[in-house]
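Protein chains: 2
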Amino acid sequence: MDRYIRNRIYLSSDDQEKLKNYPLLIAGSGIGSNIAECALRTGFEKICVVDGDLIEDSNLNRQNYTENHRGTPKAVALYERLKSINSQADISFINGFITPDQMPETGKYNAAINALDFHDRTPLLFDEQCLKNGIPVLHPYNLGWGSLVTVLTPQGPPLTTIGKTENFSELEVVEYAAGYRRFWQKPERWLEETIAQYKNESELLPPPQLAIGSWYAAAMCTHLLVKMATGKFYKKFPEFYLCSLFQEEVLNDSRCLSQNLNGLKKN
Amino acid sequence: MDRYIRNRIYLSSDDQEKLKNYPLLIAGSGIGSNIAECALRTGFEKICVVDGDLIEDSNLNRQNYTENHRGTPKAVALYERLKSINSQADISFINGFITPDQMPETGKYNAAINALDFHDRTPLLFDEQCLKNGIPVLHPYNLGWGSLVTVLTPQGPPLTTIGKTENFSELEVVEYAAGYRRFWQKPERWLEETIAQYKNESELLPPPQLAIGSWYAAAMCTHLLVKMATGKFYKKFPEFYLCSLFQEEVLNDSRCLSQNLNGLKKN
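Residue numbers (the numbering used here), protein chains in the order written: chain S, 1 to 267; chain E, 1 to 267.
Just to be clear, a hint being listed does not mean it is correct.
Identical copies carry no separate label here, and so any pair may be met within one copy or between two of them.
[Said to hold, decoys possible] DSS-like cross-link-like pairs, simulated, lysine-lysine; straight-line CA separation at most 27 Å:
#, residue 1, residue 2
1, Lys232, Lys199
2, Lys186, Lys235
3, Lys186, Lys236
4, Lys227, Lys199
5, Lys186, Lys199
6, Lys164, Lys46
No lab work stands behind these hints: they were computed from the structure.
Make the full structure from the sequences, and use the hints.
So, in structure tokens, the structure goes:
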């Protein structure tokens, strides 16, 4: 079977075996749908997806569902998509919402993706249970033009160390990341503007999200999962990863520009 | 129809209209398959895909095809995938290879993606024709753990200014980008190692590629297309965009680390 021959150089057959036997729990199959597909194609062949939501029109701008899926459960549609990509893979699903009273078993997985909506304390309780069971938890956030990912580990602090515990939401994580970058003199102005606009909206709506952010999140999370499965270095919370084209522009506009000018003077 | 309501804040309804009426030509539906899906979901509703290739097992590690597509034409499978996502979109396909004698009409598109394999001079001739017709051409390159994208414009130089014209290949573009970063004292060591390993292989094989690189390329190209369609700034060749998690680590390991230490000393 030639499925993974183009992974050569990047992943040895030994690495590929490690990915195959590194079971993932994907909690929430919104942005989780993008991450699951990218991870499966790369070689993570043991995946369980959990979600109780139904597919709506408004998901099609970014999640990997199609029009004829509208009204069907996300967990089922994602299961079918993953099996169509790799029928031999060990894919399972739970068609139901995670709640404080209904937590999936986390002990049998090697890592979890926390892609749950912040309606209540459920995402924080899910973290708690994963960390208690000794597995790392990836938190992806769609920032529209880019994405933010941070990894909680059993040894590190919980997410709530950065803000209030009451009504904690994804907004706090994003504001923390933006503040961190500003503090270290690398402000993400595009992100700060988005946060300001979101907070100014007349009613409280779910955060805006683009396919671009979902695709970045899938790439970033899959790379992090490969690092974990093959024992490589990765940054842990309170550190984080933030990727966007805008960063590549700042690089050239400010720091590299001054280097360019210095280089020119010498010539 | 609620398809684009979650694009709010990032894209105004005016922007959305601009994307809808910005026809794209996607030449090559390998990495083109990932880009097409991300672009369509974002709102580019006029897309033509051109490819004469059939789907193989070895594509499934990164392109958006499924097992039951094996042996079928990529252009047809991609057309069907795109229509399943948005049945109202104006999607078309040409099931045939682009060759020096068989170039698609490029005048009716606003931008093109050159995702053609470098077997011969065809990709360069395709660029020539697009630029002659006044449309920009995006060149995406899968770097495994990241992706490289550069945009040729009618006003700028052609791709071959960076290397020999005989047997020009994607490798030259990637080596140019790695050399540029090294020159500006921001070496991408992971990329230089990959290039060295690839050049050391005992036989000449197609370059290795991961899903991670394809997902990055889709996000980056879609963002660039949005910038073009809405009249925003973007870097043009010989400048380029290069995204990978490794860059986020360099940031913290060297420059930010020294800042962190300075910060600590003050406290």
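Going down the list of hints, with the structure as the test:
{"no.": "1", "hint": "Lys232 with Lys199", "verdict": "between (38 Å within a copy, 24 Å between copies)"}
{"no.": "2", "hint": "Lys186 with Lys235", "verdict": "both (18 Å within a copy, 20 Å between copies)"}
{"no.": "3", "hint": "Lys186 with Lys236", "verdict": "both (20 Å within a copy, 23 Å between copies)"}
{"no.": "4", "hint": "Lys227 with Lys199", "verdict": "between (35 Å within a copy, 25 Å between copies)"}
{"no.": "5", "hint": "Lys186 with Lys199", "verdict": "within (22 Å within a copy, 37 Å between copies)"}
{"no.": "6", "hint": "Lys164 with Lys46", "verdict": "neither (35 Å within a copy, 46 Å between copies)"}
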